[in-house]
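Using the hints provided, position chain B relative to the given structure of chain A.
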Amino acid sequence: ADSSDADVELPTIRHQPEGLEQLLAQTKFTKTELQSLYRGFKNECPSGLVDEETFTLIYSRFFPQGDASSYAHFLFDAFDADRNGALCFQDFAVGLSVLLRGTEQQKLKWTFDLYDVNKDGCVTKEVTVGNTVGLVGWGHPDGVLPAPCVPQDMLEIMKSIYAMMGRCTEPALGASAPAQHVELFFQKMDRNRDGVVTFEEFLATCQE
Amino acid sequence: MAAGVAAWLPFARAAAIGWMPVANCPMPLAPAEKNKRQDELIILNVSGRRFQTWRTTLERYPDTLLGSTEKEFFFNEDTKEYFFDRDPEVFRCILNFYRTGKLHYPRYECISAYDEELAFYGILPEIIGDCCYEEYKDRKRENAERLMDDNDSENNQEGSTPSLSFRQTMWRAFENPHTSTLALVFYYVTGFFIAVSVITNVVETVPCGTVPGSKELPCGERYAVAFFCLDTACVMIFTVEYLLRLFAAPSRYRFIRSVMSIIDVVAIMPYYIGLVMTNNEDVSGAFVTLRVFRVFRIFKFSRHSQGLRILGYTLKSCASELGFLLFSLTMAIIIFATVMFYAEKGSSASKFTSIPASFWYTIVTMTTLGYGDMVPKTIAGKIFGSICSLSGVLVIALPVPVIVSNFSRIYHQNQRADKRRAQKKARLARIRVAKTGSSNAYLHSKRNGLLNEALELTGSTEEEQHMTKGTSLIESQHHHLLHCLEKTTGLSYLVDDPLLSVRTSTIKNHEFIDEQLFEQNCMESSMQNFPSSRSPSLSSHQGLGTSCCSRRSKKSTHLPNSSVPATRLRSMQELSTIHIQCSEQPSLTTSRSSLNMKADEGLRPNCKAAQITTAIISIPTPPALTPEGESRPGPGSPGPATNAPSSANIVKVSAL
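Respectively, the protein sequence lines represent chains A and B.
Counting from 1, one number per residue, gives the positions in the first sequence under the numbering used here.
Counting from 209, one number per residue, gives the positions in the second sequence under the numbering used here.
Please note: incorrect hints may appear among the correct ones.
[Unchecked claim] Dumping the calculated DSSO-like pairs for lysine-lysine here, alpha-carbon to alpha-carbon at most 30 Å:
1. K28/A to K42/A
2. K42/A to K310/B
3. K279/B to K42/A
Read the hints as simulated data drawn from the structure, not as lab findings.
Bear in mind the structure is a predicted one, so any value in this text is a computation, not a measurement.
So that you can see chain A by itself, here it is in the shape it has in the complex (with noise of 0.2 Å):
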């Protein structure tokens, strides 16, 4: 059974991306660019296929100090667009595209995306009913949570961009520093109090 088993997973998925005409009509990119990418994408990933493992392999090697494994997941999910659990090319070259060539709304848009980690269309701190985890002192009543949005993390998100610096840092890293960083980040985005950062709030505030 073990070897059969091995036999059927050894043929790896190999997935080949749209042609290059399509890829350039939904991307920014020349057709020289998406070809570098691809060859640069190919190269790491001969299936054609990231799965989050390998993504979060290759996104830390950039921060080999800290653990980005966590941020990577959350960068992750923003360029799985179809939800698939895997990246492939064209996910890649349209987050890409967006990022390098889109428009100040369109990047903010992804930049929103990200934190919105459940995607629900708003942006909120840690409030889960009794964990204390979270924010103290914003006064917002424990256990209320404005109706359409699902309890989310923004201090995840937070932490785990901390936890790309790791340990050695200047000054040391403080535990409650993410938590105080989430704090400043509401203070400024949150308009109208609500302990939720919607999307208009937030294109509002990086506008200005």
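Chain B in isolation, oriented as in the chain A frame:
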């Protein structure tokens, strides 16, 4: 950074946009993209084989040759490609490193060739991938050991410097009998006496025939005096030897602790103890026991036999296997002895009186000796006895191959070392012959040049045909270089040609004549200093005033040229040597200071006693000829300049 990282860097930078809204501080400026050009294919021509790759592939590793601007040095404008005159096979691996980020080591490749290529391309060997790293390290270590062995053996065989103290000489003589005849004599004498001593011990106990009226006596008691004298003689020799070794040892404390010295002491102690002790009845029994230790003298032979030493070393290195053997045997003996004892308990008149008594039976059975003095009589005893003998074979057979293989490995290693040493001599000799060929080429061309001059002077034309030997450009440039060196230093290479020397004696040229004279003088004086053929030392050089050549050469040749008439300078086998001679004074009291003086005097032409000062330099083997020749005058004084009289200007080598 790995290959993939560079490719994904634009992605990571783009993804960093996610940090911007949450950042408290403004972001730093992005580095400017210097002349962002399109990625292009570059061609790498390695000894004719063309490799092509993207430029960015190579730029992934900017600290290597190919990744940096260093490769521009190899750019060929005509063909618009980068040409490397290196091995294309290894280059394949190197280029794959850029492509995949993993450096592999091909097993068929020689380790030092591979290392050289890596060094050339600026790649650290440490980044070899895990798949190949172990193999690489193993081979590298093996190679290093091999080279180290060779170096060690070579160092050991170097001619000794004269600065060894008497004590050090003695120690060397003890350790290596082949260093001098005296050491060899000593070696054989001690060997002889060890043999005599051992044989005496043996013969002492042989019954020697009867003295009428008493029972048969062993020889030892019959000829007690003779044996005592023999014993005394042997012990005296051994004592002297031990004391000498103790005196000569570089570290006495370490020597005393060494195994051989302990054996020495144990070998001679019984005699002295016997001398000291009186013929007291109660202690004489103990004394007789002590005599047993005399048999340890046989271990002194291990200094004489390398095989014995290897055996001893093997046993030492197999200590753990031997220990295991012993332990398992002990276990089995105890088990089987107990079983046999209880099995045989019932039978009457059984020899298995106790468990320790059964040990003897178990040992004899397990080693398949089977003396038969103790035999089980009950059925149970016989069954267990047979099981015992079967298992004995197994238990003994298991650790023995390990010991054997260890011995074999060490023994072969030793053989290999000897073989390498022998091979090395032959190899070096052949290399030297080849080198003398090349150095002689220069001398030949010079000779031809000189002949040419000589011919011009004497006006004979018969030799002219011989002159024009087709020398290649490289050769002529090399000769020119050597000649420039000569001119620079004011020394010149000794010309080795009987014909020339004879012929030039007809030339009214002070240089050559005096050269002959000088050589004869050198010969006379050097004869006194000429050491035994076996150990060349620099004293011979110094005797000739070649203090400039105090540089210790690996194979400093003795001066055969001094032992032959000047015309017949040296055998072709030896390295070509160049002889420093003094100038002006025939007496060879030239010392370094006097030569320095000469240099200070400058280039003044010296008509009266004009001579070319020639230098003897013994050229060690590996480096090329010219660097040695060039480095030669460096440490020493530049030597007196060629104070050739103006008339000798004719004798310029035509290579110029």
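Results for each hint:
{"no.": "1", "hint": "K28/A to K42/A", "result": "20 Å, holds"}
{"no.": "2", "hint": "K42/A to K310/B", "result": "16 Å, holds"}
{"no.": "3", "hint": "K279/B to K42/A", "result": "27 Å, holds"}
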